[in-house]
Amino acid sequence: MMNKLRSNIPNLLLLIKPKHFGFNSETAHSNHFQNNTTIHDQSQAVENSFQSVLADFDANAIPYKVFEDQEEALPDVVFSNNWISSDPQGRVTLYPMFTPNRRKEVRMDIADWVMERVKGTELIDLTNEVAHQRFLEGTGSIIFDHFSKTAFACESVRTDMKLFESHCEGLGYRTVSFESLDLKGNPIYHTNVMLSIAEKYCIINLYSIQNQLEKSFCKVTLEKAGKEVITISYAQMNAFAANVLEVKNANGESCLIMSQSAYKSLDSSQIARIEKYSKIVAVDVAVFEKIGGGGIRCMLTGLYV
55 MMNKLRSNIP
65 NLLLLIKPKH
75 FGFNSETAHS
85 NHFQNNTTIH
95 DQSQAVENSF
105 QSVLADFDAN
115 AIPYKVFEDQ
125 EEALPDVVFS
135 NNWISSDPQG
145 RVTLYPMFTP
155 NRRKEVRMDI
165 ADWVMERVKG
175 TELIDLTNEV
185 AHQRFLEGTG
195 SIIFDHFSKT
205 AFACESVRTD
215 MKLFESHCEG
225 LGYRTVSFES
235 LDLKGNPIYH
245 TNVMLSIAEK
255 YCIINLYSIQ
265 NQLEKSFCKV
275 TLEKAGKEVI
285 TISYAQMNAF
295 AANVLEVKNA
305 NGESCLIMSQ
315 SAYKSLDSSQ
325 IARIEKYSKI
335 VAVDVAVFEK
345 IGGGGIRCML
355 TGLYV
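In my numbering, the protein residues as written are 55 to 359.
Any given hint could be a false lead.
Quick list of in silico lysine to aspartate or glutamate cross-link-like pairs, EDC-like style, CA-CA up to 20 angstroms [stated by the list, open to error]: (1) 344 <-> 329; (2) 71 <-> 126; (3) 318 <-> 329; (4) 273 <-> 236; (5) 216 <-> 233; (6) 254 <-> 329; (7) 254 <-> 307; (8) 203 <-> 223; (9) 238 <-> 209; (10) 203 <-> 183; (11) 216 <-> 179; (12) 73 <-> 101; (13) 73 <-> 163; (14) 330 <-> 253; (15) 119 <-> 253; (16) 333 <-> 307; (17) 273 <-> 233; (18) 254 <-> 277; (19) 269 <-> 307; (20) 73 <-> 338; (21) 330 <-> 282; (22) 73 <-> 123; (23) 119 <-> 166; (24) 203 <-> 282; (25) 119 <-> 170; (26) 71 <-> 112; (27) 158 <-> 209; (28) 71 <-> 338; (29) 254 <-> 282; (30) 203 <-> 253; (31) 269 <-> 219; (32) 158 <-> 126; (33) 278 <-> 268; (34) 203 <-> 176; (35) 273 <-> 209; (36) 119 <-> 95; (37) 71 <-> 122; (38) 216 <-> 183; (39) 330 <-> 307.
Calculated directly from the structure, the hints in this document are not laboratory data.
Kindly generate the complete structure, drawing on both the sequences and the hints.
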């Protein structure tokens, strides 16, 4: 009996409950969204925020699986999308992380569970690439369009272009790469800060791609793939408006998960364009955005089951 066709949109989310979340000094020099600060009763605020996310998922019939944190104090475990991904073909990939303390986040118990849950066809382990100083941080580094089989990435110390190209070639995906800079001229550390791709639309800070040829090629590629291109500003990008993820809920409906700060940054026209295709689910993850420099997209590993 043949397996049912998998959706090209994730329909199950994997999250890791953060026990030791905080500022990560090892990643701060390349992630300019981080803030070395603490807030009052921080551990309780982190717990409350995480539980409110799950409550919002429950209210919108979005399936998820939560894993408990390990005992070792690793501050960024909540951002699981950087070390593991799956795709609609059933392939599961483990990625080489830029900083030593993030490499410790890779967990074979979770990888084994994912392989079993998605009826995995192949486990691709790239983690040994760290020995060659080649890094690729999952769906933070790579934005996959599974509909057109195209992968997008911006250059940074966390995204080795040769590894990006060779990995995607092995998956059968063509690649689009570009330089993306913040207002101070710093490379944007992860592509999923400035670009998100859904089935029928994309959200992108085109202003950050300052090379006109790269900008034009990226935009045309997205349009040829049938995407409505929704452009956001630097201010909206800094509010994590591109750090979003389209998922299918248990009723087969398209939902776009974003943070409340991202939602508040959008204007009515942008919201209307998104809502033509997806129900917006806005969650409160301000504590993770402010201290960790990562938004709700970074917290979600999308699975295809």
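Verification of the hints:
Between the alpha carbons of residue 344 and residue 329 the distance comes to roughly 27 angstroms, so the proposed pair goes past 20 angstroms and is violated. A C-alpha spacing of about 13 angstroms is found between residue 71 and residue 126, which places the hinted pair at or below 20 angstroms, so the restraint holds. Between the alpha carbons of residue 318 and residue 329 the distance comes to roughly 15 angstroms, so the proposed pair stays at or under 20 angstroms and holds. In summary, the hint linking residue 273 to residue 236 is supported, as the alpha carbons are separated by about 18 angstroms, within the 20 angstroms threshold.
Between residue 216 and residue 233, the direct Cα distance comes to roughly 14 angstroms. Compliance with the 20 angstroms bound is thereby established for this hinted pair. Distance restraint check for residue 254 and residue 329: the Cα-Cα separation of roughly 11 angstroms lies within the 20 angstroms cut-off, and the hinted pair is therefore satisfied. For the given pair, residue 254 sits about 13 angstroms from residue 307 by alpha-carbon distance, which is consistent with the 20 angstroms threshold. Of the supplied pair hints, the one linking residue 203 and residue 223 holds, its CA atoms being roughly 10 angstroms apart against a limit of 20 angstroms.
For a cut-off of 20 angstroms, the pair hint linking residue 238 to residue 209 stands: about 16 angstroms separates their Cα positions. Our distance criterion of 20 angstroms between C-alpha atoms is broken by residue 203 and residue 183, whose separation comes to about 24 angstroms. Between residue 216 and residue 179 the CA atoms are separated by roughly 16 angstroms; this keeps the pair inside 20 angstroms, and the hint holds. Taking the CA atoms of residue 73 and residue 101, the gap is near 8 angstroms; set against the 20 angstroms cutoff, the hint holds.
Among the hinted pairs, residue 73 with residue 163 is consistent with the structure: their alpha-carbon atoms are about 18 angstroms apart, no more than 20 angstroms. Taken as a hint, the residue 330 and residue 253 pair is honoured in the structure, with Cα atoms around 12 angstroms apart against an allowance of 20 angstroms. A threshold of 20 angstroms between alpha carbons decides the hint, and for residue 119 with residue 253 the separation of about 23 angstroms lies outside it, so the pair is violated. Restraint check for residue 333 and residue 307: the C-alpha separation of about 8 angstroms stays at or below 20 angstroms, so the hint holds.
A C-alpha spacing of about 14 angstroms is found between residue 273 and residue 233, which places the hinted pair at or below 20 angstroms, so the restraint holds. With a C-alpha separation of about 10 angstroms, the suggested pair residue 254 and residue 277 falls inside the 20 angstroms cut-off, and the hint holds. A C-alpha spacing of about 32 angstroms is found between residue 269 and residue 307, which places the hinted pair above 20 angstroms, so the restraint is violated. A C-alpha spacing of about 18 angstroms is found between residue 73 and residue 338, which places the hinted pair at or below 20 angstroms, so the restraint holds.
Taking the CA atoms of residue 330 and residue 282, the gap is about 11 angstroms. The hint holds against a cut of 20 angstroms. Pair hint residue 73 plus residue 123 holds up; C-alpha atoms about 6 angstroms apart against a cutoff of 20 angstroms. Under the criterion of a C-alpha separation no larger than 20 angstroms, the hint pairing residue 119 with residue 166 is consistent with the structure, at around 14 angstroms. Proximity of residue 203 to residue 282 is assessed by CA-CA distance (about 17 angstroms); at most 20 angstroms being required, the pair is judged to hold.
With a CA separation close to 13 angstroms, the supplied pair residue 119 and residue 170 stays within the 20 angstroms bound. Between residue 71 and residue 112 the CA atoms are separated by roughly 16 angstroms; this keeps the pair inside 20 angstroms, and the hint holds. Taking the CA atoms of residue 158 and residue 209, the gap is about 24 angstroms. The hint is violated against a cut of 20 angstroms. With a C-alpha separation of about 15 angstroms, the suggested pair residue 71 and residue 338 falls inside the 20 angstroms cut-off, and the hint holds.
Of the pairs offered as hints, the one joining residue 254 and residue 282 holds, with about 6 angstroms between alpha carbons and a cut-off of 20 angstroms not exceeded. With a C-alpha separation of about 12 angstroms, the suggested pair residue 203 and residue 253 falls inside the 20 angstroms cut-off, and the hint holds. For the hint linking residue 269 to residue 219, the alpha-carbon distance of about 19 angstroms falls within 20 angstroms, and the restraint holds. The hinted pair formed by residue 158 and residue 126 meets the criterion: a straight-line CA distance of about 9 angstroms does not exceed 20 angstroms.
Between residue 278 and residue 268 the alpha-carbon distance is near 15 angstroms, which keeps this suggested pair within the 20 angstroms criterion. This hinted pair checks out: residue 203 and residue 176 have alpha carbons roughly 18 angstroms apart, not beyond 20 angstroms. Note on residue 273 and residue 209: the hinted pairing holds, with a Cα-Cα distance of about 17 angstroms set against a maximum of 20 angstroms. The straight-line distance between the Cα atoms of residue 119 and residue 95 is roughly 26 angstroms, outside the 20 angstroms bound, and the hint therefore fails.
The suggested pairing of residue 71 with residue 122 holds, with an alpha-carbon distance near 5 angstroms, which does not exceed 20 angstroms. The suggested pairing of residue 216 with residue 183 holds, with an alpha-carbon distance near 11 angstroms, which does not exceed 20 angstroms. Simply put, residue 330 and residue 307 have alpha-carbon atoms about 12 angstroms apart, close enough for the 20 angstroms limit, and the pair holds.
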